[in-house]
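Asker: Chain residues, written in single-letter form:
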Amino acid sequence: MKKIIFLILTTCAIAASGQKYIAEKSLVVFFSKASVEDITAKNIQSNSIFDVETGEIAFSIPIKEFQFAKSLMKEHFNEKYMETEKFPKSTFQGIITGYQIKDGGTQSVKASGKLMIHGVTKEIDVPGTLEVVGNKVLLKSRFIVKLEDYSVTRPQLLWKNIAEQVEVSLDFTFIPHEKK
Amino acid sequence: MKRNSIFFGLMILSFIAKSQDLLSELEKEAKPTINYTGSTFKSTRLINGQTIETKGKGELEFIFAHRFGAINTGLYGLFGLDEAYTRLGLEYGVTDRLGVGVGRNSVDKTMDAYLRYKVLRQSSGARNMPFTLTAFGIAAVRTTPRKEDATYDIQLEDRMSYTGQLLIARKFNSMFSFQLMPSIVHKNTVDRTMEKNDQVAMGIGGRLRVSRSVSLTTEYYYRVDVPQGNPYYNPLGFGIDIETGGHVFQLVMTNSRGLTERAYLTETAGDFFSGDIHLGFNITRTFQIKKKK
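For the record, the sequence lines run as chains A and B.
At the far end of the first sequence sits residue 180, using the working numbering, and the numbering has no gaps.
At the far end of the second sequence sits residue 293, using the working numbering, and the numbering has no gaps.
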């Protein structure tokens with residue numbers, strides 16, 4: 001029994017020291033299509049760490065950094081829907097599977113884990129691609145988020161302006177993380 | 001069996017512990033950013049007066065403000081609804097911090113033009129600033145009386161007044177914001193038996209958010225060093241802000257019918273507590289003229 005625990009602990013210790021990559025460039029876009037107006041917002045201020053050996057990954061997306069075409073959209077997005085002062089960040093932590101880093105090229109992968117938006121955490125499984133370019137790793141994904149799932153409520157008066165679900169796309173470029 | 005379940009339990013535990021590590025490692029890696037506080041108030045107007053808010057870059061706001069007569073005119077005056085005073089205004093965001101505006105108020109047929117600049121922005125994170133400071137300056141010309149109706153040889157400079165304000169506000173949390181408004185009004189021509197040319201007032205105001213789109217507001221200005229014989233009162237007001245998309249509706253009750261700084265700060269004729277209360281509203285509609293990149 002003791003041996004097993006020891007074994008697990010050492011495995012964990014080894015795994016934890018795997019090669020980590022951090023996001024050098026990040027782009028998170030959300031797109032909401034509704035009958036009155038389409039709304040797009042872009043965010044280039046996200047952070048991410050990706051452990052290529054274990055496949056573990058974590059994202060942190062500052063909600064305030066989503067940029068809209070109209071200032072008022074941004075204000076409403078933060079104040080009314082996302083309640084940014086209460087929930088400043090959206091995070092994801094999980095694991096990416098279905099790739100071999102040494103194979104290179106573009107590979108289809110799956111990410112599963114916990115996505116936290118508006119203070120509500122949900123287990124998700126989303127498809128994506130992983131591409132190895134030189135020493136960089138590119139991760140892309142596109143998936144649908146239902147506002148209801150994360151307790152984001154739409155106002156009754158403006159329901160035509162805001163879709164029930166939004167499309168989120170991620171485009172991250174990772175570089176090896178140099179330990180200081 | 002028992003061993004297996006312990007084994008699995010530990011595996012899950014270690015996995016959870018590790019991925020939490022990754023997220024906390026991420027938080028440590030993250031560069032500290034400046035979080036500017038937004039939506040301290042819902043509009044550039046609190047009741048009659050200004051707030052620290054500026055329009056976003058490229059936004060044009062149309063402000064239609066309206067004050068009825070006094071409630072204590074009773075049924076004869078339909079509780080004030082027989083009379084109406086309006087101000088039509090436009091404000092444009094040159095940058096996110098600099099705004100320009102113009103307007104016309106039917107009280108004394110006053111035209112005004114103003115500038116506002118957000119000097120300091122409340123923020124947390126990499127830079128800590130406890131409050132927002134906006135400087136506001138307005139020049140106004142009252143076009144009444146007409147030259148031929150005036151009792152003296154009235155010149156343009158007699159019609160001019162200028163107001164400077166420092167608007168200092170802090171949003172304590174998403175529910176409550178508080179504002180101070182030290183103000184000075186200069187009127188070129190006054191009746192010196194009851195007024196000075198330069199008049200100082202200290203304002204306080206606040207916003208209490210009661211639901212996602214509804215807030216309660218209040219505003220009061222205390223006039224400092226008012227000469228004996230001055231017939232005017234300190235302006236006081238209460239309001240409800242209702243926000244729907246690009247519109248903000250502000251329903252107000254105040255003892256002032258004027259909507260320019262000169263009129264409400266120095267010439268508020270009503271005594272709130274004897275029922276000289278004017279119902280009114282401010283309606284703003286914001287248009288994005290220039291799209292952001």
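For the record, the hints were derived by calculation from the structure and aren't laboratory data.
Heads up, a few of these hints could be off.
From the structure, some residues in chain A lie toward chain B, with a derived Cβ separation under 8 angstroms [said to hold, decoys possible]:
id, residue
1, GLU53
2, GLY55
3, LYS70
4, LEU72
5, GLU75
6, THR129
7, GLU131
8, VAL133
All C-beta atoms, glycine included, are put in the ideal place defined by N, C-alpha and C.
Asker: Against each hint, give a clear statement of whether it holds in the structure.
Answerer: Verification of the hints:
no.: 1; hint: GLU53; result: violated, 12 angstroms
no.: 2; hint: GLY55; result: violated, 10 angstroms
no.: 3; hint: LYS70; result: holds, 4 angstroms
no.: 4; hint: LEU72; result: holds, 5 angstroms
no.: 5; hint: GLU75; result: holds, 6 angstroms
no.: 6; hint: THR129; result: violated, 21 angstroms
no.: 7; hint: GLU131; result: violated, 21 angstroms
no.: 8; hint: VAL133; result: violated, 22 angstroms
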